[in-house]
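Same order as they appear, the protein sequences are chains A and B. When we follow the working numbering, the leftmost residue of the first sequence carries the number 1, and every step to the right adds one. When we follow the working numbering, the leftmost residue of the second sequence carries the number 1001, and every step to the right adds one.
Keep in mind the hints are simulated off the structure, nothing from the lab. Positions of the beta carbon are idealized from the N, C-alpha and C atoms, including for glycine. Check before you lean on any hint, since a few could be wrong.
Said to hold, decoys possible - Pairs of lysine to aspartate or glutamate residues, derived as DMTMM-like cross-links and limited to a Cα-Cα distance of at most 25 angstroms, are as follows:
1. Lys1158(B) <-> Asp1292(B)
2. Lys1231(B) <-> Glu1354(B)
3. Lys1336(B) <-> Glu349(A)
4. Lys1336(B) <-> Asp217(A)
5. Lys376(A) <-> Glu349(A)
6. Lys1218(B) <-> Glu349(A)
7. Lys185(A) <-> Asp217(A)
8. Lys376(A) <-> Glu1354(B)
9. Lys1187(B) <-> Asp1320(B)
10. Lys341(A) <-> Asp1318(B)
11. Lys245(A) <-> Glu32(A)
12. Lys1231(B) <-> Glu1299(B)
13. Lys1220(B) <-> Glu1354(B)
14. Lys1336(B) <-> Glu278(A)
15. Lys1396(B) <-> Asp217(A)
16. Lys1220(B) <-> Glu349(A)
17. Lys1336(B) <-> Glu252(A)
18. Lys1060(B) <-> Glu1012(B)
Said to hold, decoys possible - Facing chain A, a subset of chain B residues (Cβ under 7 angstroms, in silico):
19. Glu1027
20. Val1094
21. Ala1098
22. Phe1266
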Amino acid sequence: MSFTAPDIPPADVFNRCVRCGLCLPTCPTYVETLVETSGPRGRIALIKAVAEGRLNLTSPGFVHQMSECLDCRACEAVCPSGVEYGRLLEPARTQVQRATAARQPWHVRTLRWFLLDRVFSSMALLRFVATLLRLSQKLGLQSLARATGLLRVLHLEDSEKLAPRISDRFFVPRDQRWSAEGKRKATVFMHAGCVMHVAFANVDEATVRVLQKAGCDVVAPSGQGCCGAINIHAGEMERGRQLAKRNITAFEGSGADVYIINAAGCGSTLKEYGNLFEDDPEWAQRAAAFSAQVRDVTEWLDEVGISPDLGAIERTITYQDPCHLVHAQRIAGAPRRLLAKIPGLRLREMPESSLCCGSAGIYNLTQPEMAERLQKRKVANIMRVTPEIVVTANPGCAMQMAAGLREAGAEISIKHVVEMLDEAYAAYSPSIRLEPASASSSV
Amino acid sequence: MRTDVSPNVLDELREIAGDSHVLTADEDLLTYGFDGTWYDQRPLAVVLPANTAEVSAIHKLATRERLAITPRALGSGLSGGAVPLSGSLILSIVRMNAILEIDETNHVAVVQPGVINADLQSAVEARGLFYPPDPSSYKQSAIGGNVAENAGGARCLKYGVTSNYVQALEIVLPDGAVFRTGGKMVKNVTGYDLRALFTGSEGTLGTITEITLRLIPKPKFSRTAMATFAKIDDAARTVTAVMAAGLIPTSIELLDNLTMQCLEEFSPAGLPLEADAILLFAVDGDHEAALDAESAEIERIARANGAGEIRVAHSQADSDRLWAARRVIAPALARKRPHRLGEDISIPRSAIPEMIARVRTIAARNNVIIPVFGHAGDGNLHPNILCDRRDAEEMKRVREAAREIFETAVDLGGTLSGEHGIGLLKKQFMEMDVGPEALRVMRAIKNALDPLGIMNPGKIFPDPGGVDAFTLPGVTS
Ligand SMILES: Cc1cc2nc3c(=O)[nH]c(=O)nc-3n(C[C@H](O)[C@H](O)[C@H](O)COP(=O)(O)OP(=O)(O)OC[C@H]3O[C@@H](n4cnc5c(N)ncnc54)[C@H](O)[C@@H]3O)c2cc1C
Ligand code: SF4
Ligand code: SF4
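Sequences and hints are given; from them, build the entire structure.
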């Protein structure tokens, strides 16, 4: 069985691979296994083989490889031939999912339906589930929550890891507007994220404050929802498109200069809406126009310049590059430049800072063993530079590393770049904090 | 030679290397069927041993069963060396990837063959030492593969190629016997130089399982400069003039206009697209004043030979960007046409201008696109014939152009391959290059060491009517 329309991995993309192998040492699953089949060059060859009818779409090795790949895009970022690997993997996964869905055990199907079709499609439902989780934590009913599988996705599996994970409030976008401090440079619309807005409301709040200080009017438009990343990465491109349309509709025509996102995974998806609608003349243009306005918060702050009123933070940190920031969006310098502006902060680079930590959407659920191997590898790399704080820019990475560090018994906290900036501003002048004035909790 | 492998033999392989290190699934055979070239074959199975003892046991088994073995490192080879022919087993040495020792007193590193070149470089540089051979593929090729191909690189102009650094080898012979040649001593002329024999043997004589490499102190300073030329001939003449003046830069790399276009598309490095060609120069050493003088002299010679602009890299980052661009040329060419036949001719330096002029004529005559880049200081050029394999008519012209390039190189006193090896790609041209007697000596050595012919069959030696670069079925479209 070969690929069938729609969503066929494009031949002009896989045919570009000249098999030079440069991507191999950047691939987390290759460096863990040292097996060619578990590397990008091998996976591209497999996708090509299926496309050309030399390999069956549902052959076990193919199904496994499409799942074992983290979609971290490290391979894509280094490829000199311009193989856009994400444009191969996402449709290939969609094909596998379509061809094998009927054969999946009922609980997997139910779980996928619940998570992908329901929870991540409705922010209200996600908040409701998160509230239940919070309650169940308090009441000690984790088993109920665990049964839903959501704990795993949110990396909340055991109660100790769970307790401080979900922030005690949500950041709900309802057309709020916050004014720029000082001279207004731009109006930005903020995408609040899905996991971010329930689990890391504090990061969303910090984002607003830091943007205000950078001279931006900030608006959190209602009507927005999950970006679709979780669905697209899980082989549900059609559902991903539905979610994308909702966001496009909520943001376009707003007059905003840029659309800001503080979750790297969501940002890369938002920036690729154009690709998602390639074959849809009605939406292609709107999607591309939307994507062109999306900026990661670190990218934007680096571009417009931030307020210099930064107090000192005497801490040693290391920075973990989120895959979807460094590889998919090619942003590595901006977060480091921003951090370098904070007086007193010492950045010690860890080895392999851009190697995936194993978080990758619902990867913990689908490939628990590899997820754990990569998590351990990341923790070991962090420990090598003994930081007090690990700074990153994506909620998935934050949770994955927090869980790993706690398991290793390390007293190292995790923060988002904007939280560091926010703290530094607070240290400079604590009187200007936005409501609710919470102590900045560790992510 | 066998063309299948029985379940019992597979079980024996699993006993040797462990269940998870013997791969037989369709998907695995598919991904181990190729290297950096365009062939697609299928190995019988893939085995990934962890140490010399396991490699030896695999060889013994293969000898008993008359199974062919194709050693494989990172699979970045550009001559098809790691492509498994006639039903070979792939013996992947990538799990043997430890740096065993860095001996700072004797200036040697002892490594397993799966260590990636870049990893070795950073490990020794952290101790103030230096391993010069730097194939452009240094991030994706292993020392084992480098030794087996006798790889070169940009810095080899000043520092020499891999074989100049191989001080000792541990080798598993085809029948499984393990032997060592060389040691930590610097000088060694006891008997035949077997290190030289195995370096560049392309997996046809045995499997290399340990390598002792000579290191040198890391030069303290380096400079990079780029010179642009409105005519590629002027660039070629500059190369010969600089070398004739007695200067020995670390590197002189040539990039023609087509090459620059492809690179700029990958990641803009600020290359001057209006130039017909550029030269990248690097100089290094321990005394800044000497480097200044050397740079000034190079600049003067370049100007005298028609250089336009000369840009000196002012920061390490600028310089790194230029060299990083240089290293990804080969794959970046895929941006122009789907396929390429990458040549690797090596000619006396004095013949560079003539060679480049003739390559341009050959391209025009055969109506093909041939960007040229390479380690110009060494006379090692990579004319790459860009093409689309699916177009049979075009491939005829490509083949003709390739043959003409080889003939021109030999005619100008050069050779087929400066660093990529012969493998599958150039074996049918071997005799034309080395002559019948040298070929007879090589065959005699091969037969003496590998009488059953189990090591990497189908490589290096011409087999009239056999497969070659153009006739080997490759499904890569
Ligand atoms: C983008 C690009 C740039 C390149 N630039 C250069 C360059 O500048 N200079 C250069 O010299 N080459 C270059 N190459 C070619 C290639 O990288 C080199 O030939 C390299 O040495 C191959 O190493 P590998 O680990 O990939 O070996 P492989 O491709 O896996 O194997 C190469 C050969 O070595 C044999 N072999 C591998 N391991 C062993 C072992 N342990 N024992 C015995 N035989 C073994 C194999 O059978 C095969 O014949 C380039 C390739 C690419 C893709
Ligand atoms: S780097 Fe690009 S061209 Fe090279 S093997 Fe990987 S995907 Fe293929
Ligand atoms: S996306 Fe990441 S895991 Fe997947 S092949 Fe590329 S580098 Fe490997």
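Hints, verified against the model:
1. Distance check on the hinted pair: Lys1158(B) and Asp1292(B) sit about 17 angstroms apart at the alpha-carbon level, within 25 angstroms; holds.
2. Between Lys1231(B) and Glu1354(B) the alpha-carbon distance is near 14 angstroms, which keeps this suggested pair within the 25 angstroms criterion.
3. For the hint pairing Lys1336(B) with Glu349(A), the CA-to-CA distance comes to about 37 angstroms; that exceeds 25 angstroms, so the pair is violated.
4. Restraint check for Lys1336(B) and Asp217(A): not satisfied, since their Cα atoms lie roughly 45 angstroms apart, outside the 25 angstroms limit.
5. About 18 angstroms separates the Cα atoms of Lys376(A) and Glu349(A), which keeps this hinted pair within 25 angstroms; it holds.
6. For the hint linking Lys1218(B) to Glu349(A), the alpha-carbon distance of about 24 angstroms falls within 25 angstroms, and the restraint holds.
7. Restraint check for Lys185(A) and Asp217(A): the C-alpha separation of about 8 angstroms stays at or below 25 angstroms, so the hint holds.
8. Distance check on the hinted pair: Lys376(A) and Glu1354(B) sit about 57 angstroms apart at the alpha-carbon level, beyond 25 angstroms; violated.
9. For the given pair, Lys1187(B) sits about 35 angstroms from Asp1320(B) by alpha-carbon distance, which is inconsistent with the 25 angstroms threshold.
10. Taken as a hint, the Lys341(A) and Asp1318(B) pair is honoured in the structure, with Cα atoms around 23 angstroms apart against an allowance of 25 angstroms.
11. Proposed proximity of Lys245(A) and Glu32(A) is contradicted: the alpha carbons are some 38 angstroms apart, above 25 angstroms.
12. With a C-alpha separation of about 17 angstroms, the suggested pair Lys1231(B) and Glu1299(B) falls inside the 25 angstroms cut-off, and the hint holds.
13. A threshold of 25 angstroms between alpha carbons decides the hint, and for Lys1220(B) with Glu1354(B) the separation of about 37 angstroms lies outside it, so the pair is violated.
14. Straight-line distance between C-alpha atoms of Lys1336(B) and Glu278(A) comes to about 23 angstroms, which keeps the hinted pair within the 25 angstroms bound.
15. Annotation: proposed proximity of Lys1396(B) to Asp217(A) is violated, straight-line Cα distance about 64 angstroms (limit 25 angstroms).
16. Between the alpha carbons of Lys1220(B) and Glu349(A) the distance comes to roughly 24 angstroms, so the proposed pair stays at or under 25 angstroms and holds.
17. For the hint linking Lys1336(B) to Glu252(A), the alpha-carbon distance of about 37 angstroms lies beyond 25 angstroms, and the restraint is violated.
18. Restraint check for Lys1060(B) and Glu1012(B): satisfied, since their Cα atoms lie roughly 11 angstroms apart, inside the 25 angstroms limit.
19. Interface restraint check for Glu1027(B): the shortest CB-CB distance to chain A comes to about 3 angstroms, inside 7 angstroms, so the restraint holds.
20. Restraint check, Val1094(B) versus chain A: the minimum CB separation of about 5 angstroms is within 7 angstroms; hint holds.
21. Interface restraint check for Ala1098(B): the shortest CB-CB distance to chain A comes to about 13 angstroms, outside 7 angstroms, so the restraint is violated.
22. Evaluation of the Phe1266(B) hint against chain A yields a held restraint, the C-beta minimum of about 5 angstroms falling below 7 angstroms.
In summary, the structure is inconsistent with hints 3, 4, 8, 9, 11, 13, 15, 17 and 21 from the numbered list given earlier, while agreeing with the others.
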